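Model the full assembly from the supplied sequences, consistent with the hints where possible.
Chain order of the listed sequences is A, B, C, D and E. Position 176, counted from 1, in the first sequence is what our numbering calls 176; the numbers after and before it change by one each time, with no gaps. Position 156, counted from 1, in the second sequence is what our numbering calls 156; the numbers after and before it change by one each time, with no gaps. Position 167, counted from 1, in the third sequence is what our numbering calls 167; the numbers after and before it change by one each time, with no gaps. Position 43, counted from 1, in the fourth sequence is what our numbering calls 43; the numbers after and before it change by one each time, with no gaps. Position 55, counted from 1, in the fifth sequence is what our numbering calls 55; the numbers after and before it change by one each time, with no gaps.
Errors might be hidden in some of the hints.
Each computed DSS-like pair below joins lysine-lysine, with the alpha-carbon atoms no more than 25 Å apart [said to hold, decoys possible]: (1) B/K84 to B/K120; (2) A/K50 to A/K209; (3) C/K105 to E/K169; (4) C/K76 to D/K19; (5) D/K182 to B/K123; (6) C/K84 to E/K169; (7) B/K120 to D/K182; (8) C/K142 to E/K265.
Residues from chain D shown here face chain E by an in silico Cβ test under 10 Å; the list is partial [to be verified]: (9) N15; (10) T21; (11) L25; (12) V90; (13) F97; (14) W100; (15) G104; (16) I120; (17) E158; (18) L215; (19) V238.
No wet-lab data here; the hints were simulated from the structure. Every value quoted in this text rests on a predicted model; they were computed, and no experiment measured them. Every residue gets a Cβ at the ideal spot worked out from N, C-alpha and C, and that includes glycine.
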Amino acid sequence: ADEMKLINDGEVRFLTNPIYPPMEFIDPKTGVITGFDVDLGTAIAEKMGKEALWVTTSFAQLQSSLATGRGDVIISGMSDNPKRQESMDFVDYVKSGPVFIVAEGQSSSFKSNADVCGKKVAGSRSSSFGADVVKWSSEYCEAKGLGAITFNGVQDSNAARLGLKQGRYDVVVQGIETIAYQIQSEPGVYHIVDKPILDTDVFGIGVKKDNPALRDAIADSLSELIENGTYAELLKKWGLVHNAVKTVQINGVK
Amino acid sequence: MSVIISAEQINKHFDDLHVLKDVSLDVHEGEVICIIGPSGSGKSTFLRCINQLEVTTDGIIRVMGEIVGYREDGDKLHRLSDRKIAAQRSRVGMVFQRFNLFPHKTVLENILEGPVFVQKRNKEQVKKEALEILKKVGLSNKANSYPNSLSGGQQQRVAIARTLAMKPDAILFDEPTSALDPELVGEVLAVMKELANSGMTMIVVTHEIGFCREVADKVVFMESGEIVAVESPENMLTNPTHARLKEFVSAVL
Amino acid sequence: MSVIISAEQINKHFDDLHVLKDVSLDVHEGEVICIIGPSGSGKSTFLRCINQLEVTTDGIIRVMGEIVGYREDGDKLHRLSDRKIAAQRSRVGMVFQRFNLFPHKTVLENILEGPVFVQKRNKEQVKKEALEILKKVGLSNKANSYPNSLSGGQQQRVAIARTLAMKPDAILFDEPTSALDPELVGEVLAVMKELANSGMTMIVVTHEIGFCREVADKVVFMESGEIVAVESPENMLTNPTHARLKEFVSAVL
Amino acid sequence: MIKPKIQYTRVEPSNYGQKITAVLLIMVLIYICMSFWKGQIEWQYVSENLFTPTVLSGVWSMIIMTFLAMALGIILGVMAAVARMSDNRVLQSVSIFYVWLFRGTPALLQLLLWFNLALIFPHLSLFGLVEVRTVDVMTPFVAALLGLGVQQGAYTSEVVRAGILSIDKGQLEAAQSIGMTKFEAMVRIILPQAMRVIIPPIGNETIGMVKLTSLASVIQYSELLRSVEDVYYVNSRVIELLLVAAAWYMVVVTILSIGQYYVEKYFSRGWGADTAPQKQSKLTNAVAEGE
Amino acid sequence: MIKPKIQYTRVEPSNYGQKITAVLLIMVLIYICMSFWKGQIEWQYVSENLFTPTVLSGVWSMIIMTFLAMALGIILGVMAAVARMSDNRVLQSVSIFYVWLFRGTPALLQLLLWFNLALIFPHLSLFGLVEVRTVDVMTPFVAALLGLGVQQGAYTSEVVRAGILSIDKGQLEAAQSIGMTKFEAMVRIILPQAMRVIIPPIGNETIGMVKLTSLASVIQYSELLRSVEDVYYVNSRVIELLLVAAAWYMVVVTILSIGQYYVEKYFSRGWGADTAPQKQSKLTNAVAEGE
Ligand SMILES: Nc1ncnc2c1ncn2[C@@H]1O[C@H](COP(=O)(O)OP(=O)(O)OP(=O)(O)O)[C@@H](O)[C@H]1O
Ligand SMILES: Nc1ncnc2c1ncn2[C@@H]1O[C@H](COP(=O)(O)OP(=O)(O)OP(=O)(O)O)[C@@H](O)[C@H]1O
Ligand SMILES: [Mg+2]
Ligand SMILES: [Mg+2]
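Next comes the structure, spelled out in structure tokens:
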């Protein structure tokens with residue numbers, strides 16, 4: 001088999017964009033990076049007998065940073081999808097799904113996902129939510145003659161929520177894994193409309209295509225963590241128990 | 001002859017500097033007054049006060065009997081608005097040492113600017129007059145040139161034409177030839193002589209003693225902000241009553 | 001007396017404009033040559049060619065017998081490097097119409113710049129000489145002033161001092177007094193006269209006919225790029241051989 | 001004393017230095033080009049995306065925004081400069097405060113503040129007559145225009161002021177002496193001449209504005225950068241798409257620079273035949289032509 | 001002809017206009033301030049975050065980057081300007097190309113390209129002696145410095161060139177006539193004087209650079225904007241944190257402006273006592289003082 005390639009032998013360098021609590025973010029009090037991905041990455045590296053090193057970069061720069069060798073793997077709440085599989089392999093580690101939220105005051109008029117049809121929806125444009133929402137709109141709204149959703153791709157989910165507060169948009173779409181955290185930090189502002197519109201969204205740890213040994217080592221470590229309960233513990237710590245995967249898959253999304 | 005310009009004990013301070021000290025002067029219709037004196041004696045400042053480019057600190061100046069810059073009301077003087085001061089100013093022409101033509105306008109446009117834009121006179125009419133004036137100063141063929149393509153002497157003659165087109169009651173000249181090459185001085189002086197002969201009221205600050213002698217009705221000698229002597233041009237050279245004047249004239253000659 | 005500067009049939013073109021036409025002139029040690037002539041006749045250009053601020057298009061100029069700007073090699077002239085040309089240039093001083101003092105340096109620094117920085121002479125020694133020279137031009141008390149705080153006449157005298165400190169073989173003056181107020185001309189001419197009397201070789205472009213008559217050994221009259229006449233200063237006024245010279249002199253006077 | 005004239009041939013130095021620099025530099029250039037070509041860049045993504053409708057509409061939005069924001073900036077800048085130089089103390093202070101405030105904060109921040117103005121003023125009303133929701137007025141387009149234009153005005157006012165100060169005081173006096181008020185002189189005599197000094201820096205700032213519009217992408221105004229980002233968020237070809245953007249920026253900037261040349265030429269009319277001994281205009285010329 | 005002198009009292013206009021503008025403007029200002037206060041802004045977030053270590057370290061990084069990038073820009077700018085004005089055609093062309101290329105593309109793009117240089121050059125070697133991985137050299141700090149500094153150099157070179165052109169040709173000639181070469185004259189006589197014209201625009205550009213550093217946040221250089229972003233990604237208080245950043249920017253910019261004033265003063269030494277009739281220096285003064 002191929003040998004596992006690391007930039008520096010004793011360490012695994014994780015690329016991440018720490019703007020996505022609770023997955024990864026900078027703790028404002030300490031200025032240190034933290035979050036579920038950080039804990040999981042550290043645990044995986046430990047299992048492999050390596051040091052974990054964190055390299056931050058913007059979301060759009062993650063892929064090129066992997067290519068130029070700034071890091072060995074990406075772990076940044078990145079959805080596994082066939083397009084991205086062209087340039088890297090994914091070890092799937094958490095389930096996710098886009099969910100609609102509205103302002104608390106509007107909760108009465110948004111009882112189910114169907115109420116979102118025909119409304120203005122905003123979401124981060126660098127995520128896959130835009131495509132998801134448009135697809136959902138054509139399958140569930142337009143098919144039932146309920147009027148299409150207009151999707152606004154904005155800078156990040158923060159900007160989307162800011163627009164929601166001003167009434168610029170009616171609805172925000174974002175990952176189910178983050179909304180609990182938002183509701184906790186801004187109580188009484190947001191209301192979750194319904195269940196996620198997709199349940200096939202999966203986050204993956206990205207590894208360069210020419211490095212299968214590393215990919216497999218990570219997958220093995222993750223399997224062990226799932227078995228020995230560390231994985232479940234971390235999910236609980238960050239309020240993500242509903243997002244657990246049962247088994248580790250590689251490039252699981254087709 | 002009526003008094004065109006009269007200065008009555010005017011004073012001018014720049015902060016602590018007392019630049020004009022109780023200067024009084026009457027200029028009658030058709031008179032040519034030459035002002036001479038050393039650098040810094042206040043000659044330019046005096047002209048600038050008459051034309052309200054500077055505001056006097058004390059004393060009054062009248063042009064055609066009307067107090068400049070203020071409206072008289074008993075023993076009170078109310079400052080006039082910008083617009084009214086501008087109107088007063090346009091009645092006295094001014095020719096500057098450094099010409100100050102508008103470089104972005106042609107010679108003709110320079111001349112039309114005042115009469116057409118400020119005095120709102122009929123453009124075609126003014127144009128005819130302007131070409132007339134240009135002929136008088138010998139620059140008929142330069143009407144459409146830009147100032148910077150002209151020699152200094154030509155520029156100064158255009159400046160004179162620009163002033164004439166305003167039909168002023170009097171013209172002030174501030175060293176009109178001292179920025180010119182020696183060879184070009186003559187052509188400007190010639191125009192000024194002709195103007196004097198045609199009866200224009202003029203105050204001329206100059207170092208050209210020859211011109212003074214030939215054209216002036218009175219020669220005023222200023223020193224450190226005061227009018228030290230008023231002489232006839234003949235006496236100035238041959239028999240000046242004032243010692244400093246004598247000294248100055250022989251130094252300049 | 002040896003020849004200090006000699007121009008041998010030099011020509012100068014600015015593109016199509018033929019500015020100097022076969023100009024030849026020899027200047028001997030201690031001679032004072034005045035160049036007069038109308039504007040645009042090439043007087044400045046001639047001086048600038050001697051000092052290599054312009055490159056002649058034809059003909060050669062020698063200073064102290066050495067061809068300037070080129071190294072002689074049989075019938076070939078090889079262009080010298082910048083550094084060598086600069087060295088040649090420093091042997092002929094130049095005084096400009098507009099003084100061109102370095103405004104960011106004091107009077108003393110202006111004077112030291114050449115000897116200390118270029119000629120690498122001992123600073124203390126040069127400083128002593130510089131103060132000596134300043135005394136000669138009557139500006140001992142201005143050593144630490146900045147040029148812009150001086151009058152034009154004072155600035156020009158500093159410019160002369162700056163040139164003198166280089167110990168040049170000759171000095172070129174390009175209308176040294178024509179940017180000055182009339183009252184200030186005298187002080188500069190006085191310094192130049194003294195310089196001439198002390199035996200300095202000088203070429204002076206000027207309109208000061210009085211100065212020419214008093215100081216010059218020869219008066220050169222230029223017109224449209226040619227040397228039209230070389231006269232003794234006496235003849236120039238009383239009995240000029242050349243008609244145009246006569247005309248010019250009477251116009252300027 | 002005419003000596004027999006020797007016919008010399010002049011030999012100019014052969015400029016080895018220049019030739020060697022040239023060869024060296026050309027080699028470096030070729031090396032860089034080759035590296036780009038062989039580097040991990042998939043050039044077909046560049047060529048494929050150069051003329052897609054998304055990218056073209058981004059270019060168009062960028063151009064529109066550049067011109068409108070500059071126009072707003074110039075209007076505000078001239079007003080602020082004239083206010084600063086007026087005799088009215090209040091106007092002076094307002095002008096100084098305006099310049100200080102808007103030069104002091106980054107454009108990005110100003111854009112975000114305008115865009116989120118509804119957080120501070122939920123509704124805007126016009127003399128109590130019409131009342132509208134702020135978010136309906138403050139579209140990405142309007143917010144970008146205000147954010148970029150108002151800031152540009154602060155910069156432009158300094159440029160205009162320098163231009164006005166560069167005009168000889170004699171021009172104002174000459175204008176006054178033919179009966180103009182200070183304000184009339186400013187408009188008819190001073191400003192047209194100041195243009196020659198003002199245009200070159202304004203040219204620079206227009207070029208700066210082209211690139212500044214890229215910031216408007218954060219508030220959803222779909223200019224060029226936003227358009228190529230939309231593409232690379234999908235296909236992850238960051239460098240390739242950025243090169244597409246770079247190519248377009250170069251094109252627009254180069255065209256603007258050429259335009260600037262002609263505008264400058266227009267405003268220097270009357271200075272062309274610079275034969276008269278007016279030292280002052282020669283000097284300002286030199287400053288101005290240092291584009 | 002002395003007449004009996006009437007003792008007039010002069011009455012200046014009472015300036016109602018000025019007073020009315022003042023009152024109106026102060027009312028508008030108060031209204032705006034009150035709206036900010038009452039708007040949907042939680043002020044305690046502003047005050048809480050103003051001096052947190054994260055924000056302070058962001059301010060510090062911003063200042064460091066501003067100065068280093070400007071220093072690099074000035075060095076490159078002077079070199080490019082001197083090259084542009086040299087007699088060497090090759091150097092001239094290189095300078096023109098450099099300015100065209102780096103003025104033509106947005107800073108953001110240049111930052112991204114430097115940061116991802118490894119895509120094109122995976123390794124850098126120094127004369128074949130040492131070879132290092134590009135990503136190890138091209139840290140966010142280095143990429144930001146190069147991206148900002150190299151672009152700044154292109155702008156600065158134009159400023160320097162304008163400064164050099166503004167110096168009277170007589171200065172060069174006077175320097176040459178005392179035996180300096182063109183290059184010596186440039187360094188000792190022309191550039192020091194050109195500084196007076198160069199400093200004010202450089203001041204502007206330094207202020208611009210302060211704000212430009214915010215772009216370095218995209219490549220993870222942790223300057224001010226990036227620091228406040230880190231905070232608001234967690235607590236969602238975007239406007240509040242942006243106001244924190246704005247406050248800091250204002251402080252830094254204001255301090256820089258004051259510094260600029262003193263630097264300008266230093267470089268105008270010798271022009272202070274402007275009593276001599278040197279029209280040319282008065283004029284350049286006016287241009288220069290139009291900060
Ligand atoms: N705007 C001003 N502010 C301060 N002082 C001034 C101003 N204008 C002139 N002065 C001073 O007033 C005095 C008189 O100046 P003025 O220009 O009237 O003299 P002048 O006789 O015209 O001299 P010159 O022959 O040099 O033109 C001088 O000492 C001058 O320095
Ligand atoms: N750098 C130049 N490029 C083109 N033409 C020039 C240049 N310098 C001078 N000339 C032209 O050369 C001619 C001679 O100029 P020069 O300055 O030598 O005359 P001058 O006799 O010194 O005149 P003045 O008394 O006005 O100083 C003029 O026609 C002038 O326009
Ligand atoms: Mg005067
Ligand atoms: Mg000359």
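- Message: Check the structure against each numbered hint from earlier and tell me which ones fail, lowest number first.
- Response: Hint check: nothing fails, all pass.
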